[in-house]
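In order, the protein sequences belong to chains C and E.
Under the numbering used here, the first residue of the first sequence is numbered 1, with each subsequent residue one higher.
Under the numbering used here, the first residue of the second sequence is numbered 1, with each subsequent residue one higher.
Keep in mind that a hint or two might mislead.
Same chains, same label: a pair holds when it works inside one copy or across any pair of copies.
As the list claims (entries may be wrong) - With a straight-line cut-off of 27 Å between C-alpha atoms, the simulated BS3-like cross-links for lysine-lysine are:
id, residue 1, residue 2
1, K225, K144
2, K118, K225
3, K221, K144
4, K221, K118
5, K221, K165
6, K95, K198
7, K285, K264
8, K135, K313
9, K118, K338
10, K313, K269
11, K165, K285
12, K144, K264
These are calculated hints, taken from the structure and not from any lab test.
Listed here are the chains, written in short residue letters.
Protein chains: 2
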Amino acid sequence: MLDPFGQTVVEDYNKLYEEFGIQPFEPLVSQVPKPSMYMRRNVIFGHRDFDRILEAMKKHETFAVMSGIKPTGEFHPGTLMTAREVIYFQQQGAKAFYCVADVEAYEDNRIPFERSEKYAVGNVADLLALGFDPKSGCIYRQSKENRVKDLAIIFGRGATLATVKAIYGERHIGLYLSALIQAGDILMPQLEEFDGPKPTVVPVAVDQDPHLRFARDLAAKFRRKYNFVPPSSTVHRLMKSLDGSPKMSKRDPMSHFTLNETPKTLTNKILNAFTGGRPTVEEQKRLGGIPEICPVYELDMYHFVEDDDQVIKTYHDCRSGRLLCGEHKARTTEIIVKFVKDHQKRRSRYIDKAREILNVA
Amino acid sequence: MLDPFGQTVVEDYNKLYEEFGIQPFEPLVSQVPKPSMYMRRNVIFGHRDFDRILEAMKKHETFAVMSGIKPTGEFHPGTLMTAREVIYFQQQGAKAFYCVADVEAYEDNRIPFERSEKYAVGNVADLLALGFDPKSGCIYRQSKENRVKDLAIIFGRGATLATVKAIYGERHIGLYLSALIQAGDILMPQLEEFDGPKPTVVPVAVDQDPHLRFARDLAAKFRRKYNFVPPSSTVHRLMKSLDGSPKMSKRDPMSHFTLNETPKTLTNKILNAFTGGRPTVEEQKRLGGIPEICPVYELDMYHFVEDDDQVIKTYHDCRSGRLLCGEHKARTTEIIVKFVKDHQKRRSRYIDKAREILNVA
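Bound-form chain C, shown alone (with noise of 0.2 Å):
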């Protein structure tokens, strides 16, 4: 069965839905008032408990949205998707959060506090630059405030050794405390300064459903103290490698680009990419190429083309072999450079908030 929004590795997420209780996404997708391209695609193909999110949309109650990044370099395609995310629940309706895990990249990344800082007045300057109200919503670092801190420790009590080592491996501790800083991020928004209990929805990719776990966890082991409701989540796919592996590495620079790169790079990165070609063009004339398995589609998909029927034309173009890989290429490279320099011009008028927000000379 041909389909533009398909997965090529079904039976992992079937093991998703089964074993771990993510529930398809799918089925909602109708009933969302203004579904998001992520949403109307199956790039987020998963949740937890969206129900609750979707009831508050549709009655205009209020709920939250809660994201993050840890600031250990620049936007890529793969941060680029949480914070539109985040933007499209705010846009709906949402209480924004937006934390900037500089604990994380501390203690999992050894990135230290003076460098993270320089990293993070660019991810808040892009998360702007993208659409993001700071009017409504909220923008922290987890260094600087003291409410996750806290909250780490009331759920310390609560996080066994076990747990713990099950999710995140046999770690120092300082990493086992970002964890609970995590849980901190997204239960804050239900504490009392921010009004209280509410339904919260963290968009996340796959990979992380772990730590949503554990702080649903923890939200059930401390209800009666502070009346959590669950958090909801929408779960989205990754993002293959330009390689064509299946997760790009953020080690390897030929993998993924980020929104801070040069039209020359950008164009070499897309243009040496995997496809999903033939070995021949007379092959590929006469077979078609496998959209399924190509980055280069992939990033029209899950990205840079607003229009799902564009994106629909290409998948069955491609398929039929009438587009072939380098007019391909060529066209998306267009699209990314002209997107990424527009991203840069609006970015730039955005440092001196970010450092404004954040707090930092």
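Since chain C is already given, all that's left is putting chain E on it; use the hints.
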């Protein structure tokens, strides 16, 4: 050999010296400008790097003393001893830090912060009544002091699971977090805000030495960032329980008394204490008592008789059979009841000040 200030379980102490690197304190006593009662009587029997403190005392250089209390109840002779040690060093010129370990009370003893706050006010009033000078010293609660929480985050990366399991056993993550905060307590006096690195002495009971090893280990790991001087300690003996067993238990109210009891219960507890006496008066007069195993003698010697000669006389009078247990108990009871009455009177005048220091409404 008769030794009024001797200890019964010397083998155990030798093990501490040999295996764990605690040094005997006795050779240093004569070098201390004004040795405290605990030093003179070998109640402080060990130390780590106390030479560094001695040097600072002799040369009138900056040094600090740091200790604290877990706010889980009223002051008892054990916490009295630590408080007096802090006050002693403050009077010898140290910058004094006294920590109310409410995070530890929460993580280790499940005491909610609302409850430990009440104990904290009383504990701090006790400290002030005993002579701590808040003008030249710093009293704080862990839960309210961001500097110790932030040090815990920094130190987290240096605390392996193996280390914390060896010291604290297999516990929930909150307990390990409170251990990191405790290391923060011990090293906070060396932060720039408190005029930077300096020798710091931490008076501890012998069973708390592992915490000090942990803090010294972290001080070494983060020396490059903070230029920490390895913290020093004085190590004091554990008090016997009133029933004669080796360690008092907070759970058994007859095993100890607090500084907030009535003359009636104090008298009752001391008169019912175990002693080093013989089964019959006749036997005791003939053989003498055994002060080394007697908690009543220990109360005199450790805490409540200021005059060394008087303690030495009591020791020999007991040993020789001249002093019988009834008379000794009556005398000690009288001393303690008077001490506690006077203390309670002073303490009541410090409650408001304690509230002010802890910022409690």
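Going down the list of hints, with the structure as the test:
1. Taking the closest pair of Cα atoms, K225 and K144 come within 27 Å of each other both inside a single copy (24 Å) and across two copies (20 Å).
2. For a Cα distance limit of 27 Å, the shortest separation of K118 from K225 across copies, 19 Å, qualifies, whereas the shortest one inside one copy, 37 Å, does not.
3. Proximity of K221 to K144 under the C-alpha cut-off of 27 Å is found in both arrangements, the shortest distances being 26 Å within a copy and 24 Å between copies.
4. In this assembly of identical chains, K221 and K118 lie within 27 Å of each other by CA distance solely across copies; the values are 25 Å between and 37 Å within a copy.
5. Taking the shortest alpha-carbon separations for K221 and K165, both the intra-copy value of 18 Å and the inter-copy value of 24 Å come in at or below 27 Å.
6. In this homomeric assembly, K95 and K198 come within 27 Å of each other (Cα to Cα) only inside a single copy, at 10 Å, whereas the closest approach across copies is 47 Å.
7. In this assembly of identical chains, the alpha carbons of K285 and K264 never lie at most 27 Å apart, being 30 Å within a copy and 101 Å across copies at closest.
8. In this homomeric assembly, K135 and K313 never come within 27 Å of each other (Cα to Cα): the closest approach is 39 Å inside a single copy and 77 Å across copies.
9. For a Cα distance limit of 27 Å, the shortest separation of K118 from K338 inside one copy, 26 Å, qualifies, whereas the shortest one across copies, 63 Å, does not.
10. For a Cα distance limit of 27 Å, the shortest separation of K313 from K269 inside one copy, 24 Å, qualifies, whereas the shortest one across copies, 90 Å, does not.
11. Taking the shortest Cα distances, K165 and K285 never come within 27 Å of each other, neither inside one copy (51 Å) nor across copies (63 Å).
12. When the C-alpha separation of K144 and K264 is checked against a cutoff of 27 Å, the pair qualifies neither within a copy, at 38 Å, nor between copies, at 52 Å.
Hints 7, 8, 11 and 12 from the earlier list are contradicted by this structure; the remaining hints agree with it.
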